[in-house]
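Given chain D, work out where chains W, E and R should sit, using these hints.
Chains as they are written, first to last, in the working numbering: chain D, 1 to 225; chain W, 1 to 225; chain E, 1 to 225; chain R, 1 to 225.
These aren't lab readings, by the way, just hints derived from the structure by calculation. Careful, some of the hints might be misleading.
When chains are identical, the list treats them as one kind, so a pair holds in a single copy or across two.
Said to hold, decoys possible - Below, in silico cross-link-like pairs of lysine-lysine (DSBU-like), each with a Cα-Cα straight-line distance of 35 Å or less:
1) K53 - K26
2) K90 - K207
3) K53 - K108
4) K214 - K26
5) K26 - K90
6) K214 - K37
7) K207 - K37
8) K108 - K90
9) K37 - K53
4 protein chains.
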Amino acid sequence: MINYNFKKPVFIVNPKSYLYGDDLLKLAKISNGLAEKYDIDILFTGQLVDLPKIIENAHLIVTAQHMDHLTPGRGMGHVLPDALKNIGVKAVVLNHAENPLTLSNLDKTIRRADELGLITIVCADTVQQCKAVAELEPNMIICEPTSLIGTGTTSESSYREETTSAIKHVNSDILVLQAAGVSTGEDVRQVIREGADGTGGTSGIIKAPDWEAKLEEMVSSLSRM
Amino acid sequence: MINYNFKKPVFIVNPKSYLYGDDLLKLAKISNGLAEKYDIDILFTGQLVDLPKIIENAHLIVTAQHMDHLTPGRGMGHVLPDALKNIGVKAVVLNHAENPLTLSNLDKTIRRADELGLITIVCADTVQQCKAVAELEPNMIICEPTSLIGTGTTSESSYREETTSAIKHVNSDILVLQAAGVSTGEDVRQVIREGADGTGGTSGIIKAPDWEAKLEEMVSSLSRM
Amino acid sequence: MINYNFKKPVFIVNPKSYLYGDDLLKLAKISNGLAEKYDIDILFTGQLVDLPKIIENAHLIVTAQHMDHLTPGRGMGHVLPDALKNIGVKAVVLNHAENPLTLSNLDKTIRRADELGLITIVCADTVQQCKAVAELEPNMIICEPTSLIGTGTTSESSYREETTSAIKHVNSDILVLQAAGVSTGEDVRQVIREGADGTGGTSGIIKAPDWEAKLEEMVSSLSRM
Amino acid sequence: MINYNFKKPVFIVNPKSYLYGDDLLKLAKISNGLAEKYDIDILFTGQLVDLPKIIENAHLIVTAQHMDHLTPGRGMGHVLPDALKNIGVKAVVLNHAENPLTLSNLDKTIRRADELGLITIVCADTVQQCKAVAELEPNMIICEPTSLIGTGTTSESSYREETTSAIKHVNSDILVLQAAGVSTGEDVRQVIREGADGTGGTSGIIKAPDWEAKLEEMVSSLSRM
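Bound-form chain D, shown alone (with noise of 0.2 Å):
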């Protein structure tokens, strides 16, 4: 994993294929406001199209939702890490369940964004799947049980607190995020009580009638851990 010095605990807004365009300039405008003000790292992606936008959303971390391991050459329609990183990405999402991985290409991936200096997130369902990708060294860790994407439904308290533990145990330099069904401001405090390195949201967010209102009861509980 690549050197990089997080305020913690950190948030990830991840409007996945929900937004696009202007909408998700707007989403992007608002996060980097409260990111400013709350002095926190906000982690944003969106459709690769947008991103050279969203770069300008200076107190951003712009993070893609995806990439391939490839370097420059033949790949047509391979996500070219070197193509991120020369717009200013400065992060990338890898392995979530709507887009898994191969064990051997999440590990070749993550071992070229470290050559690249690229911020890995790597999603994860089980224990065991966590230790495993905490073996891969990544930067931080999403861990979402798969059957509750989408649902608003947020994990067990003994599911974070398992998942947790077993990567700080394998490996201590690793954020751990915990996000699944996380909406409210009070869910964020609860998952940082429990020792989750951070957080953050899809559905909870893109769905709330107030995006910005609903954006600054998270970040501002988050601030304040």
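Relative to the frame of chain D, chains W, E and R by itself:
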């Protein structure tokens, strides 16, 4: 397929993952100048994060190298067609041998492109695959024997004539591009004389010492057909 | 496609992964008896490790549920066509929605089957996919809207008539099987009356309280067409 | 992992897709005779349709080259673990470089094997992948640099010692197999001396002019360790 009034024969500049950033933009500008000078349609592909800058070159048909068939919503790390359309992408290449699609996903992705008004360019290998793809009604088919990709070797005349004829027999509205190993003005004239509706290149252009001279050699041959 | 003189209409019993071992063999014996009694061609699929026992039922066209396109050599964990042929497998189903193939691999696998003299049965969903598959020249196409798989709901008459007609228009030598949700003698008669060359079932048979009675109801309806 | 009392060091004969039918059975019989003569555990893999005959060789640990993680039900063309168990398969190899699994599916498939009492043997490439796999708790890990597969070149001593040590550090109950390019009695002695719990081969055996002589050379070296 969407209705689009192409200036035939067309040309595709497909830098795959060979180029990104400033180099890619440089090649785009050269291509844009030649598209204007010779009044031809040039499809130009690039890394997704670089497409917003490429789009400023108004004479190019800016083309994604891949997309998925999802609609806005869940889908982490997927390429959302609506996001491409929104920034001004006009076309998409699908099913390249380096990024093959299941038959089902290929069908669904062409249908999503049709909904959004995106030009579809689908790669195919054997005569039977060319006919199968033609039944899916894309705007263009690129015929290329997979074994020749990246070799700089042109396909056989017999292959080109057989695939072009087979596609036209299924659906005469589909444009056929014959581009395998095409890297000189003479190559361009040859494949167009044989009945192709277009051609193009990757390594034949990228590896040339002078991109502008090489592209002008190829494009000017095309425009005189 | 290989040359094979089918007794039409044909029937496919496809237990997928519902059955194995003794239960699968029991269903095979029932099917074998009915194939003989009614003098019809029954294609019968099963788990690969169970096929050697199924093959002892001489009136069945024993069918693999998938194979790869490799030739003997490297290829760990792949299904070698030559190994299937060698034990007496006669046919293979390809591209089921639960096991979709890239267009390129589907083409290659049909060609390998042709080389070895194996009957090819390819699944397809939309009208356009049915036509595309027809261009690849398999012996049979199973038309089934993916959304209906496992639901017990039959496809619409309009879907069945349109797909059958579209396939026959591309290549009238291809047998068309309409099997979505077919689970009664009346369903069988209906799809055959509409022009299908065959039908069959999975859950409609497996979930019936009396397999023999259910199968005889369906198969006897077929034989009287 | 399931509890299994291996005679160490173990040996794996892995003919991949090189052999099938009578040739595969011939190699199985030779392996069976040597397993008995030298009182060692030989894991023997083969095409799924050939496994029922291989199983008659009672001294072999008969091994599938792949399986899926489904339970009985839907799943067309998938390899049902219960069907393997039912015919007497004792072990399964997973995640070979020629058949890589997503991290999530690898975890799920090991868990299904555990449920059914099947031995799990998982392939891994780099030191980091070896450690990650060890966290998933299979019975054995085969360490092999992907770049060497099929080349007949042995891995470096440093690679073998580092991967063995790394795996044992994570979980000392896991047996480590070092088999890359191993093709002589001396190769066998070397890797076992360095700390491996087993070894084996594919092309080193298959391509030998006399299978029995070659296997006996390797296996007898193993038994004297």
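Going through the hints against the structure:
1. K53 - K26: Result: close both inside a copy and across copies, 11 Å intra and 21 Å inter.
2. K90 - K207: both (27 Å within a copy, 30 Å between copies)
3. K53 - K108: Close inside one copy (29 Å) and across copies (29 Å); limit 35 Å.
4. K214 - K26: Only inside one copy: K214 and K26 sit 14 Å apart there, 43 Å across copies, limit 35 Å.
5. K26 - K90: Answer is both: 20 Å inside a copy and 24 Å across each meet the 35 Å cutoff.
6. K214 - K37: This pair counts as within: shortest intra-copy Cα distance 15 Å, inter-copy 53 Å.
7. K207 - K37: within (23 Å within a copy, 49 Å between copies)
8. K108 - K90: both (18 Å within a copy, 32 Å between copies)
9. K37 - K53: both (21 Å within a copy, 31 Å between copies)
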